[in-house]
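Use the sequences and the hints to build the structure in full.
There are 2 protein chains.
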Amino acid sequence: MKFGRILRDGLDGPTARLVVVEPEKGRVIDLARAGALHAMGKRHATQAAAVRLAQAQFPGSMAQALGAGDILTHAATEVIQGNYGDDASLPIDSVTWLPASDPPVLRDGLTFVGHIKGWHERMNRAVPDSMLRIPGFTKNSPSTVIGHNATVPWPGYIKSKMDYELELGYVIGREGSSVRPEEAMSYVFGVTLYNDFSGRDLQHDELPIGMGSTKSKDFAHAIGPWITTLDEFEDLDAIPMEVRVNGETWGKGTSGGKLWSIPELVAYVSLGEKIVPGDVIGSGTMGGGSALELGRELSPGDVVELEAGGIGVLRTVMGQPIEGLWWPTPRKPFM
Amino acid sequence: MKFGRILRDGLDGPTARLVVVEPEKGRVIDLARAGALHAMGKRHATQAAAVRLAQAQFPGSMAQALGAGDILTHAATEVIQGNYGDDASLPIDSVTWLPASDPPVLRDGLTFVGHIKGWHERMNRAVPDSMLRIPGFTKNSPSTVIGHNATVPWPGYIKSKMDYELELGYVIGREGSSVRPEEAMSYVFGVTLYNDFSGRDLQHDELPIGMGSTKSKDFAHAIGPWITTLDEFEDLDAIPMEVRVNGETWGKGTSGGKLWSIPELVAYVSLGEKIVPGDVIGSGTMGGGSALELGRELSPGDVVELEAGGIGVLRTVMGQPIEGLWWPTPRKPFM
Chain R
1 MKFGRILRDG
11 LDGPTARLVV
21 VEPEKGRVID
31 LARAGALHAM
41 GKRHATQAAA
51 VRLAQAQFPG
61 SMAQALGAGD
71 ILTHAATEVI
81 QGNYGDDASL
91 PIDSVTWLPA
101 SDPPVLRDGL
111 TFVGHIKGWH
121 ERMNRAVPDS
131 MLRIPGFTKN
141 SPSTVIGHNA
151 TVPWPGYIKS
161 KMDYELELGY
171 VIGREGSSVR
181 PEEAMSYVFG
191 VTLYNDFSGR
201 DLQHDELPIG
211 MGSTKSKDFA
221 HAIGPWITTL
231 DEFEDLDAIP
241 MEVRVNGETW
251 GKGTSGGKLW
261 SIPELVAYVS
271 LGEKIVPGDV
281 IGSGTMGGGS
291 ALELGRELSP
301 GDVVELEAGG
311 IGVLRTVMGQ
321 PIEGLWWPTP
331 RKPFM
Chain X
1 MKFGRILRDG
11 LDGPTARLVV
21 VEPEKGRVID
31 LARAGALHAM
41 GKRHATQAAA
51 VRLAQAQFPG
61 SMAQALGAGD
71 ILTHAATEVI
81 QGNYGDDASL
91 PIDSVTWLPA
101 SDPPVLRDGL
111 TFVGHIKGWH
121 ERMNRAVPDS
131 MLRIPGFTKN
141 SPSTVIGHNA
151 TVPWPGYIKS
161 KMDYELELGY
171 VIGREGSSVR
181 PEEAMSYVFG
191 VTLYNDFSGR
201 DLQHDELPIG
211 MGSTKSKDFA
221 HAIGPWITTL
231 DEFEDLDAIP
241 MEVRVNGETW
251 GKGTSGGKLW
261 SIPELVAYVS
271 LGEKIVPGDV
281 IGSGTMGGGS
291 ALELGRELSP
301 GDVVELEAGG
311 IGVLRTVMGQ
321 PIEGLWWPTP
331 RKPFM
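Here the protein sequences line up with chains R and X, keeping their order.
First residue of the first sequence: 1, per the numbering used here; consecutive thereafter.
First residue of the second sequence: 1, per the numbering used here; consecutive thereafter.
Treat each hint with caution, since some may be false.
A pair counts as met if it fits within one copy or between any two copies, since identical chains are not told apart.
Unchecked claim - No more than 25 angstroms apart at the CA atoms, straight line, and that leaves these computed lysine-lysine pairs for PhoX-like:
hint : residue 1 : residue 2
1    : Lys117    : Lys252
2    : Lys161    : Lys252
3    : Lys117    : Lys161
4    : Lys159    : Lys274
5    : Lys332    : Lys274
6    : Lys332    : Lys117
7    : Lys161    : Lys274
8    : Lys332    : Lys159
Simulated from the structure, these hints should not be mistaken for lab results.
Here you go:
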């Protein structure tokens, strides 16, 4: 199944709604609405109780919806198999997409050997030893997630080398801590696309500080268009992937060629801390999945499309630089 | 005022409750209970409506409570000035503390010149140029926050140089984006203590990867004991601070001597992203506020107390190492 989130106008203003996506039928099903129809039609609930139950089962927050564990897919399957989706569906091209998840924690791995080589070459840095001992990952700010068809805010302090990153996002569906690789995949609900936009020159400046990227990354993290559940993939390491800029293919490959496997990455992320429903863990950039590796960069107005087999296309448009923002005044050396 | 969170047994199991802390009276006031008593006694609400309203005004999540903006302190002040706290108070020494906030995003700055010098000396690294151009901060995992009196989980893969960090935590009370330094303090609700526990040898291994600390930090972030609102401090840069291990003073100083001011740090964090109610931004470690700077380290069973004037004492006990966890197998070089 495919789950997503859209924004609809309600009596209390714009409202996030959970949907099942049926691209082959050209529609999405508003689950809270379909669930209420199902509870009334099939289970003899009153309208008030049906709405209350359906909203509890199918909240607009993906993190909250996934918090119910297996209850979510069971309930959604029941509603749709009962054909209650027909009266609660919307044309897929007419909806406003929200980020596929609202991740409590947004992490991003570093697994593709091709990208590790290419990035270090272009950034003029040696691959550190410890990268072979420890799966690298970073934490990004979830306050900047955007969805399919969004305009990417471009802060004016990113003056050069604006970049995309072609990645998959593994969405956590179950709470866990220090899980082992052999059980790790049972904590993954599904896969989405993740574009981890990056200002390379600013990132170069942030790197020596040793605290991870901040302003070079935390202005936009695109997640979507929706989440495809794990059962729909034959081989998670052989998903065709592609990135296009203004319709031109800039990178193409598959999800294979990883230094650390997905189960190892998920297990490592969960070590000593909690992974929780809705969390998104980026796969890291596919080899050749950034403009940096090509010596190219994005410009305002560029249309960036990430595509992955079994998921779909995550499309975003680069906005115009936002000028007039404050920027800190350099300090004098003190050592 | 001082706001905190405690855990109480309810009909539905353990329940987080928002409290006003009155250390001088040796008590905490359960706000949802006091609010309901106030609504019934003073405003003629029915019991059911009073409970519904009080729970909406005073939820157990600090992030949710602060989301109401100025409504929170206004409502709490009204309830307490009406003396409705008396019938809803608990002895301060009898309660189970939760982390003072449940931060949507947990960030940690790097501002104290003394610590920057000491850390780089001990870690055998030069202070990078860009640290003088960009306020350094990192993002920590909010899934590992612990509160006052908690036992600190000690993952077995941290085999040496376990450390504390004596820090203040600035708690955000208002949503904002790209705020300027001159308005930044109106986004800060109050100040708490923050102990950013660190495994120094593992951190040394993680540093060259360039993605920020992960497993060397994300096993425990102590935040508490409670939050003191901004109006109670005379000078945020002259707060006396101290750290004790097993009753012995290991570090002592003040909140002065910063490379970047608090307004600059908050403004920088908000640049191009959103700061949201409940977010905690660590001040960075006070100069001399880590054992690393003394060439010392913590042992299992050690009692670590952070103290700050106007706030109080945040006490934690180091747990026993958790053995038997999975750890990744090193890869072969590929370059």
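Comparing the hints with the structure gives:
In this homomeric assembly, Lys117 and Lys252 come within 25 angstroms of each other (Cα to Cα) only inside a single copy, at 17 angstroms, whereas the closest approach across copies is 46 angstroms. For the identical chains of this complex, Lys161 and Lys252 are intra-copy neighbours only, at 20 angstroms inside a copy versus 45 angstroms across copies, given an alpha-carbon limit of 25 angstroms. Taking the shortest alpha-carbon separations for Lys117 and Lys161, only the intra-copy value of 19 angstroms comes in at or below 25 angstroms, while the best inter-copy value is 32 angstroms. With identical chains, the CA atoms of Lys159 and Lys274 are at most 25 angstroms apart between copies only, with a shortest distance of 21 angstroms across copies and 37 angstroms within one.
Taking the closest pair of Cα atoms, Lys332 and Lys274 never come within 25 angstroms of each other, the shortest separation being 41 angstroms inside a single copy and 29 angstroms across copies. Proximity of Lys332 to Lys117 under the C-alpha cut-off of 25 angstroms is restricted to the inter-copy arrangement: shortest distance 14 angstroms between copies versus 36 angstroms within a copy. Proximity of Lys161 and Lys274 under a CA criterion of 25 angstroms is satisfied inter-copy only: 23 angstroms between copies versus 35 angstroms inside one chain copy. In this assembly of identical chains, the alpha carbons of Lys332 and Lys159 lie at most 25 angstroms apart only when taken from the same copy (24 angstroms versus 38 angstroms across copies).
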